[in-house]
Amino acid sequence: MIRLWKGTTSVPRLTIGVVVLMGVCQAVAAQQVPPPREMRLPLLEMQIPDTTRFRFALQNGLVGFAVREVRAPIVQFSAFVRAGRGDGNKQGVAEAVVAAMRHGPCWMRPNRFTETMDGMAARLSITMTADITEVSLNVPAEDASQGLRVFSGILRAPCIERAVLEDFARNGVSSPTPPPGGTVEDGSLERAVELFNRRLLDGHRYSPEITAADVADITLDDLQDYHQEFFTPSNLVLAVSGDFDPDEMFREIDQRFTDWEGRRPPSLRGGSNIDTPPRATYRYSAGKLQTWIVIGHELRRVSPDDIPALQVMNYILGGGHFDTRLFREARDKRGLTNDASGFLEFNVRGPGTYTFRTYGRHEAAQELIDIVFAEIERMRTELVSEEELFVAQGALSDGDFAMRFEDGHALARTFAEELIRYGTFEHLFRYVRRVRSVSVEDVRRAAQRYLHPERMAVVVVGR
Amino acid sequence: MPLAVRIVFCLTLTTPVLAQQPSSYLLPIREHVYPNGLRLLVLERPDDHRVAAKIFTDMGALNEIPGELGAAHFLEHLMFKGTHTLGTTNWEAEAPLHAVIATTEAALIEEMNRSRNLIRERGVWHDYQRAETTPRADSLRREIARLDSAVALYRDNGAMMRWYQAYGGTGLSATTEQEYMKFDINLPRSRVGLFMRVEADRMRNSVFREFDQERMILVEQRYGDLNRGTTPYYEQMNAAVGAVHPVFWPEGYPTDFYQYTRAYERELYETYFVPNNTTIVLVGGVRLEEMIPLVDALFGYMERAPEPPRATAVEPVPNAERRVLYRSDKIAPRVEVRYLIPGVGHPDRPLFDVMLGVARRTVEEALAQRNISARIDANTRVVHTTRFGVPSSLNVELILRDERDISDAESVLLATMDRLGRAEVDPALVALVRKHLRTDWHRLTLDAGRLAFEIGHFQTMDSWRTLQPYLEARDAATPEDLMRVAGRYFIPRNRTIGVVRSASTERNPTSGGSR
Chain S
1 MIRLWKGTTS VPRLTIGVVV LMGVCQAVAA QQVPPPREMR LPLLEMQIPD
51 TTRFRFALQN GLVGFAVREV RAPIVQFSAF VRAGRGDGNK QGVAEAVVAA
101 MRHGPCWMRP NRFTETMDGM AARLSITMTA DITEVSLNVP AEDASQGLRV
151 FSGILRAPCI ERAVLEDFAR NGVSSPTPPP GGTVEDGSLE RAVELFNRRL
201 LDGHRYSPEI TAADVADITL DDLQDYHQEF FTPSNLVLAV SGDFDPDEMF
251 REIDQRFTDW EGRRPPSLRG GSNIDTPPRA TYRYSAGKLQ TWIVIGHELR
301 RVSPDDIPAL QVMNYILGGG HFDTRLFREA RDKRGLTNDA SGFLEFNVRG
351 PGTYTFRTYG RHEAAQELID IVFAEIERMR TELVSEEELF VAQGALSDGD
401 FAMRFEDGHA LARTFAEELI RYGTFEHLFR YVRRVRSVSV EDVRRAAQRY
451 LHPERMAVVV VGR
Chain F
1001 MPLAVRIVFC LTLTTPVLAQ QPSSYLLPIR EHVYPNGLRL LVLERPDDHR
1051 VAAKIFTDMG ALNEIPGELG AAHFLEHLMF KGTHTLGTTN WEAEAPLHAV
1101 IATTEAALIE EMNRSRNLIR ERGVWHDYQR AETTPRADSL RREIARLDSA
1151 VALYRDNGAM MRWYQAYGGT GLSATTEQEY MKFDINLPRS RVGLFMRVEA
1201 DRMRNSVFRE FDQERMILVE QRYGDLNRGT TPYYEQMNAA VGAVHPVFWP
1251 EGYPTDFYQY TRAYERELYE TYFVPNNTTI VLVGGVRLEE MIPLVDALFG
1301 YMERAPEPPR ATAVEPVPNA ERRVLYRSDK IAPRVEVRYL IPGVGHPDRP
1351 LFDVMLGVAR RTVEEALAQR NISARIDANT RVVHTTRFGV PSSLNVELIL
1401 RDERDISDAE SVLLATMDRL GRAEVDPALV ALVRKHLRTD WHRLTLDAGR
1451 LAFEIGHFQT MDSWRTLQPY LEARDAATPE DLMRVAGRYF IPRNRTIGVV
1501 RSASTERNPT SGGSR
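Chains S and F are the protein sequences, given in the same order.
The numbering used here numbers the first residue of the first sequence as 1 and each following residue consecutively.
The numbering used here numbers the first residue of the second sequence as 1001 and each following residue consecutively.
The hints are simulated quantities; they were obtained by calculation from the structure and are not laboratory data.
No residue lacks a Cβ here, since even glycine has one placed at the ideal position from N, Cα and C.
Per the computed footprint, the stretches of chain F lying under chain S, defined by three or more beta-carbons under 8 Å from a beta-carbon of chain S, are:
1) 1190-1199
2) 1209-1220
3) 1441-1454
Selected chain F positions facing chain S (Cβ under 8 Å, derived; list incomplete):
4) Asn1157
5) Arg1162
6) Gly1169
7) Leu1172
8) Lys1435
Derived list of chain S stretches under chain F, where covered just means 3 residues or more per stretch with a C-beta under 8 Å from a C-beta of chain F:
9) 35-41
10) 320-329
Starting from the given sequences, assemble the full structure and let the hints guide the process.
Rendered as structure tokens:
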């Protein structure tokens, strides 16, 4: 029974403070263009919709968010689960459960599942971090009922069978980690990141590496235990969005999930910190035209209060856009690389990683490494400019954050993800204000607190 | 013309175009064409608080010349290097330096032309030329480098991006393919004027700074392509499929990258970046009536230019089957067939989108019956793009587990493609493929940026008005339609067969040469 539904199902709207088409309309002479800061671009006042308008809850403890989005006849079902790679009692169990889910529900033979998915033109996506799993099914609106039935089946009763485990044994084992100085056959940035993570997380339960011995040790009971413990109504949040009739959708959600037995929430473990050694370089050769470089260390669990300053700092240093300090130094001014960026990867219950990734022709590799360390040092010791701060604050609040409410699909997803991560919407509602209040001193403090070049690992794949 | 008068005049040209009958592909695109030829296309989504904005220029690799392949793509990179107003701390001081660089480069070009017989590459394996440079050329290059260093003193890096980011822009990117160059951004709707300000400036006032550094970025991108073992093979296939058309040319060889000149890039820029060769596409929470004066304020002063030259190459009618045997140990063995197909705007083209799905599934079934293990890649890709306004190709590639299956796989592939032209396929299969296409389109429309791209892309290929009928034609495709086009195009003289075998037996011809 759905107990709570108060919202309308119209597309959520953001209130924009001043909807005027400013500046440039006014008497701009033919070839004169104003400096962007003098364009008097209007401030945005984002008003995040009330979450309770879209929230539903079943008696078994399952909660979710449903948002009607009618721009296209598509429906998206997503489940965010508080469990990931680090939660299995054995290495590889969580990944094996994901593999089982990809084979469909237990009450549907795998080939029938494939046909059904094909017939719906459906898209199934399952992603897993160290502590969160996301399962999503996207179907045409005309197939929403059937899609929900399959989706609930995948969540509640995945195909945990001997054949699945055998398939996982063939395809789920990681390629061997070469020793430092060894050769990597398939050199790429992705491979360099993988080697970095394996080295950093070696022996940690967040490690992504799965050996043949790990797989041999996994039993069907392990998979069942993992699924039963973590895939329980009180440990996940649903997001349902798209072109549907609300009453009908609620009825169907109720029908598919209400008899899912609610168990006590699992006891979730936190991930232990990673002890990293002093700075060291690990080189691997690869017979390609470029060298790939990953530099970084663990990112100890970050308090949500610290996140805005850390994100502003990373945005200025290497935040994945064309105007970072790393990008300007390495690409614009010297033409050494197509990209040099910083990546913050947070986990909720344990450490994540903070890495800097770049690549270029072999002879540029050392200079790229030097640039990364020089810019990190500058970040730790000098104050950023007011203009850099202004740009980063605008980009994070009016850009990246605003996009999380772009349409009904994004809204449902944002609410569900926030609830699963923090169990509260407090950080979401305060985010913009916090980003806007970050000072240049806060940025330097974040750099000093979260950037530790003296214990960064440098993984070099190439020549 | 005074602004107010110009707006009134422009409004009379505004042409709201709505579908005449209900369609699941209803695209209420509204068009406005300015007196200078600039085209504005707006798809209004009143509920959206943001807008996807793109500016398309009708130029790309089709407009390049051999020896300078990739020059259009390079121009796109240069157009991120700033303008007179963005990217410089002191344009008055910087401008004279660019003038000297231009004359120095002209002298360098002249010196290279004078030395043509000395520096000409003569070796098949790129292993023999009498000299790679001359003392005077080296001296001129050093002088350009010195001048570039002086320009750098006034450089404000990142300025073309910075303001988009500061004001909430996301998805900032640019792309150059065979038939278009575009710049894109997604902005809060109340700030769309920033797009007009930056893009008008970029279109008229670009300054090519850090030319030689950026040249190396193209080398890096090319290396990235070549790290994939399939790239040289696909380029050989494209060269065999097309006899003359530049749509089949690669995105530049490393030998091309070192030949780009500022003068040639400037010529491309000034020829093609004119209002009558430009389309602005906006999808999101804006109204055409609001956008007309906004665009006019920044682009309206630009004068209509002579029509840029079109790409004149016409692919000759194919009259012989072509075959490529590629030997490599870097990629899996495979067999492939490619057929020339018509471009967007031709009534047969939409049917090939359906044909792709039908062919993939039919070949998959035939291979399974013969117990041949293969991964199938069916696509209409040439280099990076899958649709063109000129003939391109439909490709069905079988990536095999076992090289010994090549012969059988080729027989099955060719027989299956041939059969598509002689017997109707199951209507249920056609309906399923159509459903996949329809659903993919609906997914795409949720993303304003992707929808804006399709509108602009169709405009550069043919006309934005072609898009909706194109989608409807796919959805109306019948088994008879597919049999008809398969019978017409899937014939031996219109096909190119590619086979990839291991390289173990071939001698390496590039060794043993002398320079």
